[in-house]
Amino acid sequence: MTSILAVQTFSVIRSLKPFRLHGGTKDYLLVGCDSGKITILEYIPEENTLKQTHSECFGKTGCRRVVPGEYLAIDPKGRAIMISAVEKQKLVYVMNRDASNRLTISSPLEAHKAQTVVFATCGVDVDFENPIFACIELDYSEADQDATGDAAEETEKHLTYYELDLGLNHVIRKWSEPISRTASMLLTVPGGADGPSGVLVAGENWVAFKHQGHDEVRAPLPRRKDYPDERGLLVTAAATHKQRDLFFFLLQTEIGDLYKVTLDYEGDTVKDVVVTLFDTIHQSNSLCITRTGLLFAAAEFGDHALFQFQAIGDDDTAVTAHKVDDPELGDDGASAAKVAPRFTPGPPKNLLLIDEQESSAPILGSMVADLCTEGTPQVYCLCGRGGRSALRVLRHGVKVSEMAVSELPGYPSAVWTIKGRHDDPYDRYIVVSFTNATLVLSIGETVEEVTDSGFLARAPTLQVQLLADNAMLQVHPNGVRHIRSDGRSAEWKTPGKKSIEKGSANPRQLAISLAGGEVIYFELDVAGNLMEMGTKELGVDVACLDVGPLPDGRARSNFLAVGCYDNTVRLLALDSQNLLDQLASIQCPARPESLALVEMASDAASGIGGGSGMGLYLNVGLSNGILQRAAVDQTSGAISDTRTRFLGQRPVKLFRVTVQGQHGVLALSSRGWLAYVLPSTGRFYMTPLSYDVLEHAANFASEQCPEGMVAIASNTLRILTVERLGEVFNQTNIPLRYTPRKFVQVPSTNQLLIIESDHNEFSEKVRNRMAAESGGTTSGAKQNGKAGGMEVDDEEEESAVVIRGPVPAADGAWASCIRLVDPKTEETVELVELEDNEAALSICTCVFHARGGEAFVVIGTAKGMTLHPRQHQGCYIQVYRLLDNRLHFQHKTEVEDVPLALAEFQGRLLVGLGKTLRIYDLGKRKLLRKAENRTFPTMITGIRSMGDRIYVSDLMESVTFVKYRRHDNSLVVFADDQTPRLTTCFCFLDYDTVAGADKFGNVFVIRLPTSVSDDVDNPTGSRLLWDTGLLNGAPNKLDTLMQFHVGETVTSIHRCALVPGGAEAIVYVTVMGSLGALLPSQTREDKDFFTHLEMHMRQEFQPVTGRDHMSYRSYFAPVKEVADGELCELFTSLPYEQQQKVAADLDRSPGEVIKKLEDTRNRLL
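Sequence positions in the sequence shown follow our numbering and run 3 to 1167.
In short, the hints are calculated from the structure, not lab data. Keep in mind the model is a prediction, meaning the values are calculated, not measured. No incorrect hints appear here.
Below, simulated DSS-like cross-link-like pairs (lysine-lysine); rule was C-alpha separation at most 25 Å, straight line:
(1) Lys538 x Lys495
(2) Lys1157 x Lys1089
(3) Lys1089 x Lys1143
(4) Lys538 x Lys500
(5) Lys19 x Lys53
(6) Lys1089 x Lys1158
(7) Lys655 x Lys1157
(8) Lys53 x Lys1143
(9) Lys351 x Lys227
(10) Lys1157 x Lys1143
(11) Lys894 x Lys926
(12) Lys115 x Lys19
(13) Lys351 x Lys244
(14) Lys826 x Lys401
(15) Lys1039 x Lys1122
(16) Lys62 x Lys90
(17) Lys1089 x Lys1122
(18) Lys767 x Lys894
(19) Lys53 x Lys79
(20) Lys928 x Lys917
(21) Lys28 x Lys79
(22) Lys421 x Lys655
(23) Lys932 x Lys894
(24) Lys62 x Lys1001
(25) Lys1001 x Lys1122
(26) Lys865 x Lys917
(27) Lys325 x Lys273
(28) Lys917 x Lys1001
(29) Lys965 x Lys917
Just need the whole structure built from these sequences, with the hints factored in.
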């Protein structure tokens, strides 16, 4: 699966549905979001864009309960749509087409009902009668007036039909009937000639067919043998498959089981609802069955999956439930368990996993460090939930796959590939040059050495080229060998005792340089002979040269680039009128190492060239590791818009490669880099390769590898392919057993300590005991066998589907472990399972001052904790020693509240226990209490320290600054935030400044005023400073320097650099799997530039959903001191005329604006 289009909407997408007019041939996209508008989008394949067809305003912005947008329902015949709010409001729009066959939308028709909560909506298939929409509603008017709560207990949900009278253009409430209190989902049943019409009502435990004038027909969901009777079984996702003579529904429950639901009907009468166990896969947010027989499961947590149907569950041995008519059975789990058939889940049988799409959601924690000693920091993320959890290691660059690795008889210096004929799809030979010989390998099913290729084998090779007449060209130090297609060869010898030092060629042109700076130019004539056309003395030795690519439909390239040892690059003309005349030159800061003239999409690469089309770019690799890229005017040869990028410590070697059918450049330094334009986005990328150091490379194409590279690394020849183009990071996964909560780096090592815990799960020991007692394997006993150290047979491992284990009957059951991981080897070194129903919630390493510098591992745990209401059976702080990669338990100390935050502080331990901040020291049998402060507002969630200052985050009251006073051993709160924030994470930027984020997706920076900071650190200051409070708060208030809405809950934030030599930034990760950064401006000029560019982009770029950009970024608080880089980078997506307009207002050219954007991004990555 590959993403073909991604559009930034700057809004919250609440609902999404495809929509097609009756008789139409294409779908439209219906979007309900927080813009207060209903938006209809049309996909334009030629431009690969989404075009806004209609955007009708109906309410206020934001996700409000009375503003429609949460639910969308579509008439199956494409005549009308209903958009609903969570409460009260429902709007119906009539859809049609005009004389030009364009989609039209009517004014909204209201179907409001006050004091009514809506749970689900769908269209009812009534063929071509008046459109009907079904809703699950709950009227709370009586419950709202009853203070005792009795009315709320008796309130029923209703299935309600709303009919759109097309003749009167009016919506009426047609029919309403009580349904199950647990109902939460509606599915359209095909009508007319395809089925009985009506709806399928799903919720907990039961599936029911309902329709006006038809009795309810319901059937229970089959249940697992070990699933508790007391627990309900909730349907969370569904999909419908419909074809001419068949339809069925796929329903998925909260534990991952898939059910196939079919109806036994005759005419309009449904006799039975048949629920058949189909398969078990991961929990999904949404299911989609494609017309090609594939099932896409959008995972709630972890990677999304694409399955192929192997069968449709018609096996006679499948577990099946039928309708139940017993009116005494309720809707609860205990009632359903009496009649529901039981089963034991296993690997999928009807579905075959064929592909996955990576998803890091949810990221629960992160760390940026070079634990693999690769020279570039990696981003370590705690991802997933339950058995699909993983430690993901993100590396900057695109992933490279090895197709083959062969050891060579020596250390080669260069490699090329060459076809047998120009019209051949694949390469014929690999030519490998050594210091004193040349090796030719033929490409077939295997790669073998050949001796009859015509190449000179006893000399090194400087250049290989297939000429336009299918002859082959070999440049070696003593001359040029021209090998014709019939096997005859001709040799051009160098004059005198001079030798060839450099060579470059295209199918019709050849340029070589001799010692002393002489350049000789050849062309292929009509007779197939290489003719010497001219010579030029440069007066300085040539370091590198490159003949430009042959333009389509032309006989020659107009330019020859020559790099000289005087640190210049000269562009010479190759046309017959001014042959080898110098057209332009560049003065470089170091010696040119290699050159590459490449054609790329002009507007994408640099913004030069007046919009679409191809432009010629001169790439210069320098000996100091810098790459320069400049645009070349294809008429005059003028060089402009030079850009630089530091690639590594080694000299940069450049090679032309093909990337998705487009021209690209491979640059090799201490890291490999790939420069290309992605066709699907039109955007220019310069990304590193996550691979070993390469020394030379060439394009490679074979039947097994249509688009790859052949490269040299040390004494090996490697065939490589690049995966997932367009991605900034690639990732590897280390599987975990339970949901990861927090992790820390072990001091003085590159290992990680991870705590994992899952609610409503049995521990590994309990699961194994249950399996032994049942005489078999309980469901999920093999859950993540790799992570837990359990053996998994090959068939189950290949299925790659994690099955949720047995579920405890009551809340408060926890499974938890402590894991020691070596990220370099991706192995679990130590695993300690916590027993007695304890959950690990916090972790830190602490060097206690009395223990000689030894780092202890401290874990905060809670026993039998329930989340709502928050209760527990005891909380503890456990202390371990880490010796020889083994955790040795020391002791545990019972505490009165949940320890959510731990941190080392001056040889002691800081602990956040509910509202209490406490200091402990290490004792022989337990921790010893030394100091505490009990005045924090709600619950301490995070602790950091620097010097005598402690930074504490509160669950609902932002970040507080605390001072530790040594002389009286006390913790004193001296400053807090003016704004209450539900803080999720924070880090300090300096002694007085903190960056943090809250649960609503806002990132902020707060700072202690300088005057207050001076008073705090003045030991002669009066005690009055500490004792004066303001409105029960701290005596001093923090100033807000910056705030910005990123749109997703941020779970971790750091101040760090992502690449060596890169600028430090505020790097954050979000619960939805995003990685973002806030980069500080270097100068006032930079700040003004991005502020004004953002201002202009707000006017020129209109989000497809109609959301106002500034309003979105100021969702909960006005945006302050941040320019939105995502919006600014969309400058390249504007039409060229708009780019010119915006750039003119900034007193720059479009190329200069894009160059500024590139330079800013390059500072970070």
